[in-house]
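*Asks:* Go by the hints and put chains B, C and D onto chain A.
Number of protein chains: 4
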Amino acid sequence: MKKVSSIKKIAINTGGGDAPGLNAVIKAVTISALNRGWEVVGIREGYNGLFLPEKFPDGGLINLTYETVKDITPLGGTILGTTNRGNPLRFPMKSANGTIVEVDRSDEIMAGFRRNKIDALIAIGGDGSLSMANVFQKKGLPVIGVPKTIDNDLEKTVMTFGFDTAVGFATESIDRLHSTAQSHSRIMVVEMMGRYAGWISLNSGISGSADVILIPEIPYDVNVVADFLNKKFEGGKNYAIVVVAEGAKSKEGSTSVIEKEAGKSERLGGAAEKFAKDLQPLVDKEIRSVILGHLLRGGSPTTFDRLVSLRFGAAAIRALEEGHSGIMVALNPPTVDYVPLDQVSNRMKFVPIDCDTMKTGRDLGICFGD
Amino acid sequence: MKKVSSIKKIAINTGGGDAPGLNAVIKAVTISALNRGWEVVGIREGYNGLFLPEKFPDGGLINLTYETVKDITPLGGTILGTTNRGNPLRFPMKSANGTIVEVDRSDEIMAGFRRNKIDALIAIGGDGSLSMANVFQKKGLPVIGVPKTIDNDLEKTVMTFGFDTAVGFATESIDRLHSTAQSHSRIMVVEMMGRYAGWISLNSGISGSADVILIPEIPYDVNVVADFLNKKFEGGKNYAIVVVAEGAKSKEGSTSVIEKEAGKSERLGGAAEKFAKDLQPLVDKEIRSVILGHLLRGGSPTTFDRLVSLRFGAAAIRALEEGHSGIMVALNPPTVDYVPLDQVSNRMKFVPIDCDTMKTGRDLGICFGD
Amino acid sequence: MKKVSSIKKIAINTGGGDAPGLNAVIKAVTISALNRGWEVVGIREGYNGLFLPEKFPDGGLINLTYETVKDITPLGGTILGTTNRGNPLRFPMKSANGTIVEVDRSDEIMAGFRRNKIDALIAIGGDGSLSMANVFQKKGLPVIGVPKTIDNDLEKTVMTFGFDTAVGFATESIDRLHSTAQSHSRIMVVEMMGRYAGWISLNSGISGSADVILIPEIPYDVNVVADFLNKKFEGGKNYAIVVVAEGAKSKEGSTSVIEKEAGKSERLGGAAEKFAKDLQPLVDKEIRSVILGHLLRGGSPTTFDRLVSLRFGAAAIRALEEGHSGIMVALNPPTVDYVPLDQVSNRMKFVPIDCDTMKTGRDLGICFGD
Amino acid sequence: MKKVSSIKKIAINTGGGDAPGLNAVIKAVTISALNRGWEVVGIREGYNGLFLPEKFPDGGLINLTYETVKDITPLGGTILGTTNRGNPLRFPMKSANGTIVEVDRSDEIMAGFRRNKIDALIAIGGDGSLSMANVFQKKGLPVIGVPKTIDNDLEKTVMTFGFDTAVGFATESIDRLHSTAQSHSRIMVVEMMGRYAGWISLNSGISGSADVILIPEIPYDVNVVADFLNKKFEGGKNYAIVVVAEGAKSKEGSTSVIEKEAGKSERLGGAAEKFAKDLQPLVDKEIRSVILGHLLRGGSPTTFDRLVSLRFGAAAIRALEEGHSGIMVALNPPTVDYVPLDQVSNRMKFVPIDCDTMKTGRDLGICFGD
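Residue numbers (the working numbering), protein chains in the order written: chain A, 1 to 370; chain B, 1 to 370; chain C, 1 to 370; chain D, 1 to 370.
Each hint should be verified, as a subset may be incorrect.
Note that identical chains are pooled: a pair holds if it fits in a single copy or bridges any two copies.
To be verified - Here are the simulated lysine to any residue pairs, SDA-like style, with alpha carbons at most 20 Å apart: (1) Lys9 / Lys117; (2) Lys231 / Tyr66; (3) Lys231 / Ala319; (4) Lys70 / Ser185; (5) Lys9 / Asn116; (6) Lys359 / Glu322; (7) Lys349 / Asn332; (8) Lys231 / Ile287; (9) Lys231 / Ile79; (10) Lys70 / Arg362; (11) Lys232 / Lys274; (12) Lys55 / Arg115; (13) Lys231 / Arg186; (14) Lys139 / Asp227; (15) Lys285 / Pro53; (16) Lys139 / Ser325; (17) Lys274 / Arg195.
Note that these hints are calculated values from the structure, not bench results.
Just chain A, same shape as in the assembly:
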């Protein structure tokens, strides 16, 4: 393992879906490193900049300077670009006989690191990206991971960046729908991102005063929801807001539109549609659906997300300076801890059905469809 004393140049990688706060991490990493006399480069589009040179006539690495990063904290997305096509450990290529095979190209990437004299890598990403970064660590490159997820589904860190911005926009959207739903005496169904974990739906639904919240962790019975809503309508309320995670599924299970497509990486928007279709015969109100989709990823990061991102970025460089590697920085409020990359589990952080936030939802009389 390289010693700190030998660090002269580091690389930053952003992988997977973009999340508000990525640029703030890049800024903090860059300035913290430059202030220590290190050079910093950003790898374009995941690791593509290192092993797919033909895509980048101007070079696959971006030299990061004070000037490059000084104004990027408030910007959504990542100035390095990202990709979710083509995991380099299982990269799809055409074989000799014309079929598509998956090829491990990590050695080419390692060669790229060596060729560019990169002494350490700051890898910013979700579960998958961090596992990939750990491969490079095992092959000899010091790596510090920075957790990223708008879905809040990463273990080993209490919170990370991207999620607060997404939940904020989700709540604001629910706020917008209340008055129009009430004016028209409608049921408004809002679909949120969250294929496996229901955090965005749960937090925004509670904060936005939803009547019903359906999350992947709790299979729902449409009849339970209909009974709940009809009782509300009898009690005088003339409208309802239903929040549905894209991965929510009914108890009978097999009918979920989402489930059939589990192999695909794209978000489908089918959960709201299916639920609305099943609910309509059971209630005497118009139902309308809204799918927030990609709007949840965009926008300027909230202050919370900016600050966590900047703290993570600065902590990553301090960790490296202190001689650490093979670790991920993690928020354990109010401090930032280090967690071995090996322990960054492949399991997701699902909503525990008896967690404090779930209890709050039940205390507030919100229906979870069970």
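*Replies:* Leaving out everything else, chains B, C and D in the frame of chain A:
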């Protein structure tokens, strides 16, 4: 026609789709009238409060006081409720032989006005609602109309409320999508409301730096758009934003998903989907779609919409006091004018293809698909 | 101590400065309690509703129902009202000889609780309010405290509500000032709330890319700041943003405008003015000041603040049901814990000068004036 | 006068205080001109870039390309910089005997235009900047003016950019203060920009449900305001919002803090302070003040401001191409007109005391202090 001197009590009606600013009109009408010693009532859910008494056990009219309206300016929707099911001039009822027939129930509503001693009506609505109000004017009830449309498609008023809020949210949404589109090198297609007129798409698309804007007024050729985008990509831009009005249609015309359903009142979200499907084979980028839908109707009105609404409401009462009726208040900046309800045409205000805003779009190099 | 089994009616109190999220706590407490069959009342304006009956012709208690609280989550302020005039333990009254004396009126308040058959109190407030509530606990009324502070200066809870909203607005305001400062080549000094602790300034300053942050915990030397800025200007930057906590003080100390007034409860806005006056002779740029003041307290709570508030409110009722009292609910992410009110120290939570966030600020090259 | 056919290169100037939308004008001018095959340069800091070369080691002109302007629509400020120190027609310089004299340096600027082969100027500014631009027109350089003012005080254009953003932020700030004022039973006084014209105060005060609005056009009597407020408090309202333009003055006149300083160009923040001080003895509520100041200039332009800016920029180039010069583009909704620069009066557009918006304010029961 009733004279001003005889006005003791007025009614307010809100009809059709809700729009941010409705409550501000209600507030200004109410306070202006109360300050003149008049009584004010609001009719619940369009005119339902007057002719469908069974729906309202507590009465179909809401007594409007200073207390009722003091804090409602910033609220979206309408505190009176609205409906777009059942035009009272063609109200669907079951006939003796079991078929559904359309019945004119305007005389029942007129009876309701008389029974409740209503001396004049402030009708807030779009083209259809104002035509309906004109029927009551013809039958002897003094009416002042207030124009409402989030689509900006009403003739005879340069602007009205609701539109600025909708365009503002649309632009903010486009802003959010730039960074995520750029990070992923994607084409992002955003569908806006606007079945017949493209104002929301045009104004938000230009303000939000869209590359392509497709509106109902200009049938598009997907090949023209593809050529335009591919040239951009060759020039180095790695992503694109395409704004599509829900009523946008391709030149070949007959394939539009929307068109087939023209009779239905519901918004379908098919325009973005169809366009994306047709475009995908012609470009080498991922395409993702977002449909803003009902989010465009909600939310707190912008300052512009609040002010126009309050000015309209106050002007309506001044008009009534001055002895006017059978007119609509209209914005002819910087003044508020009166326009005869008879002249409030049934034609929509489409985007003129040579208007200043269109010219601006072309000067900026935006593609309109033609 | 009263047993849970005997709880039939509880009271809610909001004391001290208002903070976004108070209404969400009130909502969660109310609904959680009503759902358990308990009655809920709110005390008007701190404890005034209980011992100053003459102020409230309609009664000093508000009966809280589902209807009262259903839409209040997004509202700033407190529907109960609050006061920061007149601590009931040291209430200023005119003595027989005409001088003003401080009188302990807690027994009158206890009598008020008994008279109104209040079985337990949910006290929402800062350090002072919670100490006061603890007095009632000692006198026999079961109390659950809920921590409130926009300044983030409460020990024993990692975070509480109000702060995220305040910091969010502060950051947004700094964002607004960058472009105007840059266009005019100016130094912009922004004063934030924070008389004793610099959390708002620190977090918003880092998130908003301030150049200099001055907080009460770190006395500053204006010459250090001037040297720092002049070096930046020589390096090519043409403007600067300086964030100043209202309690920031220069190293020479005695000259602080604020300090002289330490006994008064009012915020003075003198810190920015003093700093700007001292800095102006040392730099060759125009300086302009902005004081955020009361704007930081207002507005709809962020999602984070809404959720923490709702969780605290629901947890307070669960705690009571479980037989707890004399405790404060506290956020120890991701869980809500109980802390004895006796341990809720009278010490504030100052910014530790070596905390992770301070290190981040230094890593980013921000000047703290020391 | 130069003919269109001879235009090969144009310059853009931004002068005076910055306003949201300046960058959108720059973008539209630049792209519209580049698309016609013209070159475009921006003059740095007003006209400084042309006659104070020592300030700009890298040159006083910025070459504007597609790349420079593509992402600037949402940015506040001006990428060219601006200045309000030193009108070049009366530029302060040290005379031979050591006194400061005002020197006309317009010929040096004209020489700069010639030296850089500038064929026409797009001058974006307020009344003063446009008068200055007209001097260059008279001296032979074709000029198109674009009106800019956040104060809405320009004659000859119904609206221009910057104002909608400023009023929007002002209204949002008033919104924030309602809940905190109500919670504490306070009078909150908010001071807005507007030294001579009260548009920002009037429009935001009405939209934000202020109780009292004090503008320069209507001298106020503090006793009238006190009587008005005390009547409100007797009627049950427990708080009030007072909006004060910085140029508001009391009827006795001579006591206004602002008035004494009329010669200075800086904003003073004295109007709210003076009013609060005079009001306090007359009411039995705490009064708190907030000064919005420079926050009103900052931030991303609203959609309205973006669109007007883009339309103005594109129209300016079309005007030039059509052979016009010596004119200002002006908004006469829904069209953009041309107005001779000679007619752009030196008089300001004050609030007419009987305009529709004032009538609305009076109809709503708002007190104007008269």
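*Asks:* Please work out whether the CA atoms of Lys232 and Lys274 approach to 20 Å or closer within one copy, between two copies, in both situations, or in neither?
*Replies:* neither (22 Å within a copy, 38 Å between copies)
*Asks:* Given identical chains, is Lys70 near Arg362, meaning Cα to Cα at most 20 Å, within a copy, between copies, both, or neither?
*Replies:* between (45 Å within a copy, 15 Å between copies)
*Asks:* From the Cα coordinates, with 20 Å as the cut-off, is the pair Lys70 and Ser185 best called within, between, both, or neither?
*Replies:* between (49 Å within a copy, 17 Å between copies)
*Asks:* Please work out whether the CA atoms of Lys55 and Arg115 approach to 20 Å or closer within one copy, between two copies, in both situations, or in neither?
*Replies:* Within one copy only: 18 Å inside, 43 Å across.
*Asks:* At most 20 Å between C-alpha atoms: does Lys139 with Asp227 qualify within a copy, between copies, both, or neither?
*Replies:* Answer is neither; intra-copy 57 Å and inter-copy 45 Å both fail.
*Asks:* Cα distance capped at 20 Å. Does Lys349 pair with Asn332 within a copy, between copies, both, or neither?
*Replies:* both (15 Å within a copy, 18 Å between copies)
*Asks:* Indicate which option fits the pair Lys9, Lys117 if close means a Cα-Cα distance not exceeding 20 Å: within, between, both or neither.
*Replies:* within (7 Å within a copy, 46 Å between copies)
*Asks:* 20 Å Cα cut-off: does Lys359 pair with Glu322 within a copy, between copies, both or neither?
*Replies:* Answer is between: at 14 Å across copies they meet the 20 Å cutoff, but 42 Å inside does not.
*Asks:* Measure nothing new, just compare the shortest in-copy and cross-copy C-alpha distances for Lys231 and Tyr66 to 20 Å and report within, between, both or neither.
*Replies:* between (60 Å within a copy, 15 Å between copies)
*Asks:* Within a copy, between copies, both or neither: which one fits Lys231 and Ala319 at a CA-CA cutoff of 20 Å?
*Replies:* neither (56 Å within a copy, 29 Å between copies)
*Asks:* Within, between, both or neither: how does the pair Lys231, Ile79 come out at a Cα-Cα threshold of 20 Å?
*Replies:* neither (50 Å within a copy, 23 Å between copies)
*Asks:* Are the CA atoms of Lys231 and Arg186 at most 20 Å apart within a copy, between copies, both, or neither?
*Replies:* within (15 Å within a copy, 42 Å between copies)
Hint compliance for this structure: hints 3, 9, 11 and 14 are broken, all remaining hints hold.
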